[in-house]
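Residue numbers (my numbering), protein chains in the order written: chain A, 16 to 127; chain B, 12 to 121.
Calculated from the structure, these hints are not laboratory results. Even for Gly, the Cβ is constructed at its ideal location relative to N, Cα and C. A few of these clues could be false.
To be clear about the criterion: a stretch of chain B counts as covered by chain A if any three or more of its residues have a C-beta under 8 Å from a C-beta of chain A, and this derived list gives those stretches [to be verified]:
# : segment
1 : 27-36
2 : 47-53
Stretches of chain A that chain B covers, calculated by requiring three or more beta carbons in the stretch to come under 8 Å of a beta carbon on chain B [to be verified]:
# : segment
3 : 55-66
4 : 77-85
Computed far set for chain B versus chain A, every beta-carbon distance over 10 Å [what the hints assert, rightly or not]:
#  : residue
5  : Thr24
6  : Leu56
7  : Val71
8  : Tyr75
9  : Ser78
10 : Ser80
11 : Asn84
12 : Thr88
13 : Thr93
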Amino acid sequence: AQSVTQLGSHVSVSEGALVLLRCNYSSSVPPYLFWYVQYPNQGLQLLLKYTSAATLVKGINDFEAEFKKSETSFHLTKPSAHMSDAAEYFCAVSDGNEKLTFGTGTRLTIIP
Amino acid sequence: DAGITQSPRYKITETGRQVTLMCHQTWSHSYMFWYRQDLGHGLRLIYYSAAADITDKGEVPDGYVVSRSKTENFPLTLESATRSQTSVYFCASSGGTEAFFGQGTRLTVV
């Protein structure tokens, strides 16, 4: 069975500051890992995904994530936060069978 | 328009009534999914389908029924709605590389 833990249901950062959203996973097989973003009243949009190629994955809007097998982590970062980054972020894991298991989400607030 | 669409976007129904949420995708993706989103739980898989006429249970299937007679459609039916089924429902489809999500249906059971 797979699971995802997102540390911090709410994260606030100042505009221009580093964004760090934490995700730890559990999987019995080599995982596929994803970060999705959800803007208010919208569906989920893929930010980036790890599928066993490079451990540092770059996504849209300058987001990136690093797969660390030893730490079972896949934290999401962005060097400089913009107001438009305010949203809910979900980490998800798959064992390659198309089904996604999601974390509980982290709401990111940007302070002007 | 290409994409994945859900209808209705908002629905209020009474306890005990049957309600069907619709999902349509235009990519001919093999896989389709229904998730529900609840505060503190993230998204949980209700049912999924690997192809037309093939469906399987997810994490929280009780009280829901699905069918998939055509590749592009994947309706979700609540046979007898309960207040615990008040939620936001998301349909998704996948062709093997990533899942694409609809805009969601906000269902309120009163």
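Verification of the supplied hints:
For the segment 27-36 of chain B, the proposed coverage by chain A is not satisfied: 0 residues have a C-beta within less than 8 Å of a C-beta in that chain, short of the threshold of three. Counting residues of the segment 47-53 of chain B whose CB lies closer than 8 Å to any CB of chain A gives 3, so the stated coverage by that chain holds, three being the minimum. Counting residues of the segment 55-66 of chain A whose CB lies closer than 8 Å to any CB of chain B gives 7, so the stated coverage by that chain holds, three being the minimum. Given a C-beta distance limit of less than 8 Å, the hint that chain B covers the segment 77-85 of chain A is violated, as 0 residues qualify and 3 are needed.
Annotated as non-interface, Thr24 (chain B) keeps its C-beta farther than 10 Å from every C-beta of chain A; the closest such distance is 20 Å. Not every CB of chain A lies more than 10 Å from the CB of Leu56 (chain B), the least distance being 6 Å, so the non-interface label is violated. Taking the minimum C-beta to C-beta distance to chain A, about 12 Å, the non-interface status of Val71 (chain B) holds against the 10 Å cut. Non-interface status of Tyr75 (chain B) relative to chain A is upheld: no Cβ of that chain comes within 10 Å, the nearest being about 16 Å off.
The non-interface label for Ser78 (chain B) is consistent with chain A: the shortest C-beta to C-beta separation is roughly 19 Å, beyond 10 Å. Every CB of chain A is more than 10 Å from the CB of Ser80 (chain B) (nearest about 20 Å), matching its label as outside the interface. With a closest Cβ-Cβ approach of about 18 Å to chain A, Asn84 (chain B) is found to remain outside the 10 Å limit, as its non-interface label requires. At roughly 21 Å, the least C-beta separation between Thr88 (chain B) and chain A is larger than 10 Å, which holds for a residue marked as non-interface.
Against the 10 Å criterion, Thr93 (chain B) stays outside the reach of chain A, whose nearest CB is about 23 Å from its own CB.
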